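There are 8 protein chains.
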Amino acid sequence: MSKPYTRLDKNDVAVLLVDHQAGLLSLVRDIDPDKFKNNVLALADLAAYFKLPTILTTSFEDGPNGPLVPELKAQFPDAPYIARPGQINAWDNEDFVKAIKATGKKQLLIAGVVTEVCVAFPALSALAEGYEVFVVTDASGTFNEITRDAAWDRMSQAGAQLMSWFGVACELHRDWRNDIEGLGTLFSNHIPDYRNLITSYTTLTKAK
Amino acid sequence: MSKPYTRLDKNDVAVLLVDHQAGLLSLVRDIDPDKFKNNVLALADLAAYFKLPTILTTSFEDGPNGPLVPELKAQFPDAPYIARPGQINAWDNEDFVKAIKATGKKQLLIAGVVTEVCVAFPALSALAEGYEVFVVTDASGTFNEITRDAAWDRMSQAGAQLMSWFGVACELHRDWRNDIEGLGTLFSNHIPDYRNLITSYTTLTKAK
Amino acid sequence: MSKPYTRLDKNDVAVLLVDHQAGLLSLVRDIDPDKFKNNVLALADLAAYFKLPTILTTSFEDGPNGPLVPELKAQFPDAPYIARPGQINAWDNEDFVKAIKATGKKQLLIAGVVTEVCVAFPALSALAEGYEVFVVTDASGTFNEITRDAAWDRMSQAGAQLMSWFGVACELHRDWRNDIEGLGTLFSNHIPDYRNLITSYTTLTKAK
Amino acid sequence: MSKPYTRLDKNDVAVLLVDHQAGLLSLVRDIDPDKFKNNVLALADLAAYFKLPTILTTSFEDGPNGPLVPELKAQFPDAPYIARPGQINAWDNEDFVKAIKATGKKQLLIAGVVTEVCVAFPALSALAEGYEVFVVTDASGTFNEITRDAAWDRMSQAGAQLMSWFGVACELHRDWRNDIEGLGTLFSNHIPDYRNLITSYTTLTKAK
Amino acid sequence: MSKPYTRLDKNDVAVLLVDHQAGLLSLVRDIDPDKFKNNVLALADLAAYFKLPTILTTSFEDGPNGPLVPELKAQFPDAPYIARPGQINAWDNEDFVKAIKATGKKQLLIAGVVTEVCVAFPALSALAEGYEVFVVTDASGTFNEITRDAAWDRMSQAGAQLMSWFGVACELHRDWRNDIEGLGTLFSNHIPDYRNLITSYTTLTKAK
Amino acid sequence: MSKPYTRLDKNDVAVLLVDHQAGLLSLVRDIDPDKFKNNVLALADLAAYFKLPTILTTSFEDGPNGPLVPELKAQFPDAPYIARPGQINAWDNEDFVKAIKATGKKQLLIAGVVTEVCVAFPALSALAEGYEVFVVTDASGTFNEITRDAAWDRMSQAGAQLMSWFGVACELHRDWRNDIEGLGTLFSNHIPDYRNLITSYTTLTKAK
Amino acid sequence: MSKPYTRLDKNDVAVLLVDHQAGLLSLVRDIDPDKFKNNVLALADLAAYFKLPTILTTSFEDGPNGPLVPELKAQFPDAPYIARPGQINAWDNEDFVKAIKATGKKQLLIAGVVTEVCVAFPALSALAEGYEVFVVTDASGTFNEITRDAAWDRMSQAGAQLMSWFGVACELHRDWRNDIEGLGTLFSNHIPDYRNLITSYTTLTKAK
Amino acid sequence: MSKPYTRLDKNDVAVLLVDHQAGLLSLVRDIDPDKFKNNVLALADLAAYFKLPTILTTSFEDGPNGPLVPELKAQFPDAPYIARPGQINAWDNEDFVKAIKATGKKQLLIAGVVTEVCVAFPALSALAEGYEVFVVTDASGTFNEITRDAAWDRMSQAGAQLMSWFGVACELHRDWRNDIEGLGTLFSNHIPDYRNLITSYTTLTKAK
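Protein chains in written order, with the UniProt record's numbering: chain A, 1 to 208; chain B, 1 to 208; chain C, 1 to 208; chain D, 1 to 208; chain E, 1 to 208; chain F, 1 to 208; chain G, 1 to 208; chain H, 1 to 208.
I should point out that these hints are in silico values taken from the structure, not numbers from a laboratory. All values derive from a computational prediction rather than experimental measurement. Accuracy of the hints is not assured; some may be wrong.
Using 30 Å as the maximum straight-line C-alpha spacing, the simulated DSSO-like pairs for lysine-lysine come out as follows [said to hold, decoys possible]:
#1 3(F) with 73(H)
#2 3(E) with 73(F)
#3 73(B) with 35(B)
#4 10(B) with 3(C)
#5 206(A) with 10(D)
#6 101(D) with 3(D)
#7 73(D) with 10(D)
#8 73(B) with 106(B)
#9 35(E) with 35(C)
#10 35(C) with 73(F)
#11 3(B) with 106(C)
#12 3(E) with 98(F)
#13 35(F) with 35(H)
#14 35(F) with 10(E)
#15 10(F) with 106(F)
#16 35(H) with 35(A)
#17 35(B) with 35(F)
#18 98(C) with 73(C)
#19 105(B) with 3(C)
#20 3(H) with 73(H)
#21 3(A) with 106(B)
#22 101(E) with 3(G)
#23 101(E) with 206(E)
#24 101(G) with 51(G)
#25 51(D) with 105(D)
#26 35(C) with 98(F)
#27 106(D) with 35(A)
#28 3(H) with 3(G)
#29 51(D) with 101(D)
Input sequences plus hints: build the corresponding full structure.
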């Protein structure tokens with residue numbers, strides 16, 4: 001009766017980045033801002049690295065919510081970009097759903113701000129329509145631990161799988177031999193401890 | 001086998017505020033009092049804003065548990081108000097259940113003090129009778145994290161959905177265009193970070 | 001597909017206190033010792049107050065694990081007391097299971113030290129034999145939060161309901177009118193904040 | 001509908017130690033390093049004590065990930081040792097799976113670094129192939145609590161049982177009388193509080 | 001050799017509110033936003049209640065730092081308001097120092113955002129010029145606990161006294177009999193637990 | 001230039017218990033209520049055990065602050081009891097200071113609620129008058145860690161020594177041989193871990 | 001008797017970066033690695049921005065401690081670089097002290113890994129020789145909070161001033177008008193919340 | 001007016017290990033037991049490595065406090081060992097003070113259980129007699145953070161220097177060249193992260 005193991009397949013994944021906007025980011029207090037910024041950019045780099053179709057969406061970006069974080073815009077210049085005119089659940093926006101369907105993918109990686117709304121609502125809608133949903137928990141943020149834990153429980157009970165950007169990268173890559181340098185660079189750029197390991201290793205082996 | 005996505009529908013929701021009494025509030029130590037007070041009043045404002053039928057109930061309000069928080073009484077002067085003569089589980093009080101049935105709603109938003117008793121008991125009873133139950137976790141408080149986590153697990157396993165007042169407001173509103181100012185005011189009054197965003201935005205745009 | 005609401009019924013409950021021994025208590029570090037001692041004694045008082053058949057058991061009490069906490073022995077002088085000769089899972093001890101069966105009860109309240117062993121093992125065994133199991137989480141202790149969270153997950157997934165002693169007392173009592181003074185005394189003795197409410201209330205009403 | 005109680009049976013258990021490598025250990029920040037080192041060595045001692053077939057595997061041990069922790073190599077000199085050439089999910093390595101099948105065991109104890117990848121991936125794969133999977137949570141480490149909690153949820157929802165090394169030892173041993181001294185030594189070596197109990201007890205009883 | 005007891009005297013106190021601006025507030029992460037907003041407004045109410053001369057100052061309020069929080073502007077419509085053209089240490093602004101000197105007070109209550117800059121710099125400068133400085137710690141905020149603790153140490157070692165708004169109110173008021181209702185209202189508006197005490201008390205005594 | 005070692009001398013100590021009132025206790029959130037209640041009663045038992053002259057005082061006990069905790073009244077039936085008519089700093093009350101002077105002691109142990117007011121104010125006043133002041137930190141409580149840390153710093157900088165009730169008991173007793181059983185009982189009643197040590201020890205030695 | 005206000009003067013400051021080596025960084029566990037990396041690079045950027053003479057030193061960089069973090073080497077290609085042959089206290093290395101003296105500066109900003117050794121030892125030595133010492137606390141890391149707090153206390157008691165990189169930047173800059181864009185860029189690059197403020201502000205003002 | 005830099009000199013140091021007894025260790029809850037055990041043994045190894053005269057003392061070791069931890073006894077078989085007949089402050093025991101004086105050292109390293117009594121009392125007494133006192137904070141433990149922080153403040157204000165075992169080792173050793181292997185072994189045995197660095201380094205360099 002448990003959920004079966006649905007494994008991420010890089011040929012069947014689309015990425016949804018929902019409402020990572022400059023104003024809304026000031027609401028995120030369940031993750032430290034340095035770490036959160038890093039996690040979001042890591043997810044973006046990951047999506048680019050694996051060439052996953054990525055869809056950007058924002059809520060009211062001309063108002064207090066503020067514009068999409070510029071790094072994301074820069075990272076995905078050609079991605080579908082849906083500035084929603086009002087729908088809170090991105091899934092209620094037809095263009096957003098069309099863009100997803102246009103990718104032809106069945107597995108959705110979702111991250112956004114704030115977790116219990118901008119992530120949870122489309123995640124629940126996608127599950128209801130039969131998609132396999134993977135929440136990138138550490139690239140999603142919210143007000144505090146209570147709102148996060150409640151949101152996680154709601155999504156998990158509805159069938160979503162909770163992951164982290166590192167777990168996603170590893171599950172997509174499958175085998176280091178597919179590209180050691182590429183994955184190593186991704187990790188080096190976003191995991192300081194891993195970068196240090198590489199620095200020490202490289203220095204020592206060069207010194208031979 | 002997962003729970004299906006039951007989405008809040010503002011036409012099918014009733015709100016149950018259970019035992020937010022001046023004495024009992026001193027028992028709440030899993031949320032800081034400034035934040036908790038704000039969350040409870042936010043839920044009340046939300047219920048009023050969406051014109052959701054709301055039911056108030058108290059336990060032994062003439063004894064040490066103390067009177068209902070005056071702000072709630074003031075907010076809902078015409079709401080059914082059931083001062084329970086002794087039943088701990090509000091659902092064991094016929095008037096309370098009658099009041100709920102009189103609303104004709106199928107979805108129940110429940111919040112109260114303390115979580116594992118005043119919220120969990122009626123939540124479990126309502127689920128057993130076929131209602132869709134949404135616990136407003138951050139407007140519900142209890143002794144400590146251990147009692148909270150146990151209560152959440154019990155309710156979630158029984159089929160309740162765990163939400164926060166902000167998630168509830170967003171799921172009910174659906175589209176900002178239904179009333180931008182109304183929802184914005186609700187958020188501005190209860191989310192200091194959001195209020196600051198609005199202040200900065202308004203000042204800048206006025207300055208043009 | 002959710003767990004149905006199995007409600008505690010004071011006529012159908014037995015209490016199992018497993019290995020609250022003076023030595024083992026020094027292992028408990030997921031709850032502060034002042035609070036833990038209070039919770040265990042509160043559960044004992046509760047069992048006595050509701051006249052619930054209670055079964056005591058210990059593991060190797062002549063060795064380093066140490067003797068049963070004297071207050072428990074004193075509280076239940078006539079209770080079945082099974083000093084297990086070696087079985088770690090109390091359910092593997094025939095006398096223990098016989099004692100439970102002799103009560104004729106279907107609902108088991110279990111608490112003990114340490115949570116993932118002395119509580120979880122008999123809880124899982126009892127569930128497997130069809131009992132309704134309620135874990136009194138805050139009268140059970142273990143090494144740290146990691147071991148606790150893992151143990152809770154294992155028991156919850158197997159069908160146990162996670163509760164706290166206060167929730168148990170309230171669910172058993174059902175209605176304050178059954179005995180206001182008795183329940184009030186239980187709470188006053190074990191919840192300092194509640195005691196203060198009663199002190200203030202009593203002083204003020206006497207002063208009239 | 002709950003998971004049935006699958007009990008560890010020392011005759012049907014194999015242990016998988018995945019990627020406890022000197023470099024990767026610097027990534028672990030959800031458990032303090034003194035405690036984590038102790039937990040990993042406790043699990044190793046436990047596996048040796050119960051003579052459980054144990055399989056070691058590493059990922060890229062000639063690179064920055066670093067060599068297997070020497071104590072593990074020393075503890076299991078004759079164990080199958082699979083230095084994976086690139087597969088991130090150990091289960092994708094045929095030799096690894098063959099080694100598991102060669103043990104003829106149905107129950108797998110899995111621990112490793114980091115939890116959401118090196119533990120979760122083979123755990124999910126093993127579950128999908130019908131194994132009973134027990135995650136040794138406290139001998140597994142990862143970046144932070146968020147990645148850990150997400151990984152635990154994913155594995156638990158898929159059917160894995162979450163345990164700790166102490167719980168594993170107790171469930172395998174079943175009865176102290178099988179070997180009091182052996183189990184006592186294991187605990188004394190890895191639980192300082194237990195060691196102190198034994199020290200005090202032994203001193204006092206010797207003094208008689 | 002210890003600091004002597006310099007006691008706040010309401011006839012000799014001026015209040016400096018430094019850079020509580022809508023943008024800068026998003027930087028504050030050592031205090032929860034609900035609590036911090038409350039503390040700042042409590043200090044403002046306190047200053048108004050005791051009729052303390054109050055000076056407002058901002059840094060670059062036309063830029064990203066944002067405008068002064070509107071509630072403060074509204075509370076002190078006639079207070080000196082120094083929008084500094086660039087000086088980071090408010091004490092480097094002549095108008096600011098003149099405004100302080102114009103009050104003729106020797107004791108300065110300082111609060112602001114962020115603690116280690118907007119509070120610490122003028123606090124250190126004021127101490128150097130012989131003022132008695134009292135930092136209102138809980139109406140001052142900064143990035144995290146590390147920056148706060150370092151700032152507190154620097155100010156305390158230089159002779160500042162660290163207080164909270166509640167302590168300040170009590171030290172200024174000296175005797176409840178000076179105005180029971182006024183002080184009670186201040187506390188009721190900004191300390192939820194105190195408001196509850198008053199609610200219960202008032203209800204009970206009215207009921208006589 | 002450091003503070004010299006001023007050692008507690010049981011012949012030269014008076015104890016001041018300030019405002020441990022049923023209402024005010026609900027404000028204490030920097031220590032868990034079970035632990036705080038225990039600490040206050042431990043200090044009371046300690047004062048009685050060492051026969052230290054003890055002075056009780058309350059603030060507005062007929063109002064919302066509530067009556068003195070009954071256990072303290074019962075413990076010191078003949079102690080000077082100053083119900084202050086309004087002074088917030090107890091030292092501003094002449095009767096309180098007279099009662100202290102009447103003891104003829106130079107060393108003052110002070111505890112109370114809340115720390116930054118009811119403890120800090122008389123502590124600072126007493127230091128200013130040449131008393132040696134010892135703050136019993138863990139029998140004093142306040143709103144949160146920020147207000148506590150600020151209050152501790154203010155008192156320490158002014159020359160107060162920060163202690164805990166256990167440290168006080170040990171410094172007063174000096175040598176176990178003065179009364180092993182008496183001190184042991186005090187510890188057994190208020191330190192659960194110590195009680196367990198005694199239980200195990202006594203059981204084992206009796207068993208000889 | 002308090003420390004006088006010694007204010008940072010950009011014409012009299014040298015920066016000492018001590019042992020930020022790839023291996024040693026894995027020891028730092030009192031600050032999250034994402035945040036710590038950011039803080040160290042912020043301090044480096046700050047030193048470059050204000051053109052402060054900067055001195056790099058390492059301990060045993062050919063051994064397990066690992067090489068200096070490459071970003072620091074790249075940032076200061078012409079800085080004195082003292083690879084100490086063995087001295088643990090950098091001040092015991094004559095070249096290091098000579099390099100400091102050669103700058104002719106009296107104020108030293110010190111940061112390093114680990115705080116209680118690589119920072120505290122030269123800080124204490126420099127104080128003993130009459131330098132004004134400012135510890136950049138958040139660009140210094142160590143094993144845990146206990147070792148950090150002890151190190152801070154030792155340095156503060158010896159006369160060091162505890163600061164953060166942000167406070168240092170502000171105290172050096174003094175007036176935004178000296179270079180708005182430069183300081184703004186420094187903050188935007190290292191304070192995500194500040195970057196968001198700038199993004200929202202710029203977008204809005206450009207939109208005019 | 002700050003404390004001058006008193007530097008540890010291995011020729012002038014004695015080590016006092018106070019009351020690290022099997023029973024008392026169960027009282028320590030401000031440091032995790034795995035870490036605390038490691039710290040105490042690290043300090044013992046350090047004392048042995050630097051051949052520092054070491055003095056052991058216990059309080060009532062035949063009673064519930066339990067025997068000295070056997071590892072310490074084994075480490076210092078010829079050290080003065082003072083089983084105090086009752087004095088709580090070890091300095092009140094003449095033999096203890098004589099043993100210290102017999103070493104002829106002026107610098108005292110003190111560690112023990114519990115911090116505010118067994119460490120603080122002799123530390124304060126030694127300071128009063130003109131010794132230079134260094135508290136090894138992380139090899140000293142107590143009930144909780146409140147009692148620890150108060151004890152640290154009292155000792156620091158009286159002139160003690162707060163250190164950690166690692167800082168002590170580094171300050172005593174001064175220069176790695178005095179004995180690279182010896183110090184490296186000490187660190188490898190007691191700092192898991194450092195051990196991992198050495199493992200990776202050694203493996204790589206051997207591989208050349």
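Cross-check of the supplied hints:
no. : hint               : verdict
1   : 3(F) with 73(H)    : violated, 35 Å
2   : 3(E) with 73(F)    : violated, 35 Å
3   : 73(B) with 35(B)   : holds, 20 Å
4   : 10(B) with 3(C)    : holds, 27 Å
5   : 206(A) with 10(D)  : violated, 48 Å
6   : 101(D) with 3(D)   : holds, 24 Å
7   : 73(D) with 10(D)   : holds, 22 Å
8   : 73(B) with 106(B)  : holds, 24 Å
9   : 35(E) with 35(C)   : holds, 27 Å
10  : 35(C) with 73(F)   : holds, 24 Å
11  : 3(B) with 106(C)   : holds, 29 Å
12  : 3(E) with 98(F)    : holds, 25 Å
13  : 35(F) with 35(H)   : holds, 25 Å
14  : 35(F) with 10(E)   : violated, 37 Å
15  : 10(F) with 106(F)  : holds, 11 Å
16  : 35(H) with 35(A)   : holds, 27 Å
17  : 35(B) with 35(F)   : holds, 24 Å
18  : 98(C) with 73(C)   : holds, 20 Å
19  : 105(B) with 3(C)   : holds, 23 Å
20  : 3(H) with 73(H)    : violated, 35 Å
21  : 3(A) with 106(B)   : holds, 29 Å
22  : 101(E) with 3(G)   : holds, 24 Å
23  : 101(E) with 206(E) : violated, 49 Å
24  : 101(G) with 51(G)  : holds, 17 Å
25  : 51(D) with 105(D)  : holds, 13 Å
26  : 35(C) with 98(F)   : violated, 39 Å
27  : 106(D) with 35(A)  : violated, 40 Å
28  : 3(H) with 3(G)     : holds, 12 Å
29  : 51(D) with 101(D)  : holds, 17 Å
The earlier numbered hints that this structure contradicts are 1, 2, 5, 14, 20, 23, 26, 27.
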